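Residue numbers (my numbering), protein chains in the order written: chain A, 1 to 112; chain B, 1 to 376.
There's no promise every hint is true.
Stated by the list, open to error - Among chain A residues calculated to face chain B with C-beta under 7 Å, some are:
(1) M1
(2) A4
(3) N84
(4) L85
Said to hold, decoys possible - Derived BS3-like pairs: lysine-lysine, alpha-carbon spacing no greater than 30 Å straight-line:
(5) K71/A - K132/B
(6) K2/A - K141/B
(7) K23/A - K2/A
Hints listed in this document are in silico derivations from the structure and should not be mistaken for laboratory results. From a predicted model like this one, the values you see are computed outputs, not experimental measurements. All residues carry an ideal CB built from backbone N, CA and C; glycine is no exception.
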Amino acid sequence: MKYAMLINVEPGYIEALAEDEQKAVFAEYMALGEDPRARGGAELQPIETATTVRVQDGQTLTTDGPFADTKEVFVGFYVFEADNLDEAIELAARIPAARLGGAIEVRPLVER
Amino acid sequence: MLASLVGFFGDFDLAEEAAQEAFAVAAERWPRDGVPANPGAWLTVTARNRAIDRIRRERTLAEKAWQREVPEVTMDEFDDTVIEDERLELIFTCCHPALALEAQVALTLRALGGLTTEEIARAFLVSEEAMKRRLSRAKAKIRATGIPFAVPAEHLLPDRMDAVLAVVYLIYNEGYSNPPTRIDLAGEAIRLGRVLAALMPDEPEVHGLLALMQIHHARRKARFSGDELVLLEDQDRSLWDVEEIAAGRTALERALALRGRGPYVLQAAIASLQADERIDWHEVAALYGRLAQITHSPVVELNRAVAVAQAGSTEQALEIVDGLDLDDYQYLHSTRGELLRRLGRTAEARAAYERALELASSEPERRFLERRIAEL
Chain A
1 MKYAMLINVE
11 PGYIEALAED
21 EQKAVFAEYM
31 ALGEDPRARG
41 GAELQPIETA
51 TTVRVQDGQT
61 LTTDGPFADT
71 KEVFVGFYVF
81 EADNLDEAIE
91 LAARIPAARL
101 GGAIEVRPLV
111 ER
Chain B
1 MLASLVGFFG
11 DFDLAEEAAQ
21 EAFAVAAERW
31 PRDGVPANPG
41 AWLTVTARNR
51 AIDRIRRERT
61 LAEKAWQREV
71 PEVTMDEFDD
81 TVIEDERLEL
91 IFTCCHPALA
101 LEAQVALTLR
111 ALGGLTTEEI
121 ARAFLVSEEA
131 MKRRLSRAKA
141 KIRATGIPFA
151 VPAEHLLPDR
161 MDAVLAVVYL
171 IYNEGYSNPP
181 TRIDLAGEAI
191 RLGRVLAALM
201 PDEPEVHGLL
211 ALMQIHHARR
221 KARFSGDELV
231 LLEDQDRSLW
241 DVEEIAAGRT
251 ALERALALRG
261 RGPYVLQAAI
271 ASLQADERID
281 WHEVAALYGR
291 LAQITHSPVV
301 ELNRAVAVAQ
311 AGSTEQALEI
321 VDGLDLDDYQ
331 YLHSTRGELL
341 RRLGRTAEAR
351 AAYERALELA
361 SSEPERRFLE
371 RRIAEL
């Protein structure tokens, strides 16, 4: 089964670490991306680059900023292939943001 | 039987319906053809084959991706012991942390307790529709998210077992918090506890929980005199269920023989001591002390204070109580009231009881506190 891991964490959480810790965290993210079970993923640029788009009555409405104004923001995601939810949870727990104050939402993909 | 079907298909609803159909066929055929040599196996095989038929029919009607080939099962492949073993998988599935706690409780009662949806709804004071939806959503989540039908891997087992025991204990306590209904939740929890003890005989906390529930349950008839609360020290011990206490103590001994020192074992040991003719309050206080070290719970410290007072050191007990951060907890204030009363500090005792009264959550408790105030 494929699972999306949506990473939500306070901006600046990596910058708050010491330099060698930052390097270690980046290495962990890389390693997860290279896990044989990885099926994709991306890191998003900071929240300041976000634009929200809606269409109402045929009109495109554009606003500056993210969709939800929350303390934790959506910073990126992975897609992993796993046998079951327990395996997916173990992968999610390895995402550095999870232990640095963030939360990982794990949701199975719709597979057609 | 249900457990093995759920395991086979990973789908509760399908398993339940298949089981019902199998029973219907048995009711029709066995009087005519005679009861088969292994009725359990016959039922399970029949149910599996019925479910397989249904899956095949549905597969041609809808586009569903089934993960595996589902072969027809024959009688000789079937081993009766498989039915027993898969109940453990079922319990861990029902109590998976990805499910909401109320869903874990409902699923456990439905799948292992054998209660009907209507009975569970009544026990938790919700409508049958609401409980049906709760169970449906939980089953759908199990299916959709791939919650595995398995005993968790060893490194996950301690936490997952804590979750299972917590669900059973929650069911037990529900049996006391609501007005008595025809559904005996406390009894159900004890039954579940016995199943767990049989399935995991080497786990001391499992025996500890069973012991705790049984010893506590044994005193239920003495807890109320009419509608009035009766404290432990005033209870009519002839109303205690002697056999249930003995059963609880046997479970406790098993737990201690397995070197159990966890929270449920400690609480069971305390309950066992409190069932003695003359209570060894020093030992009770010491056990609460160890429990407090594990749980860091101020409520446990409060109970320790009570034991310290009962052992004769009222001043020391009051010191412990005054150091606790539990201002919104009615029992803190009722305990303070009692300790102050024993020390002859009547005005302060009244104030403490009145604070407890403000926080009291049930009629019997309110009346009890009012009586205490009147007796000052």
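Hints broken by the structure, by number, lowest first?
2 and 5
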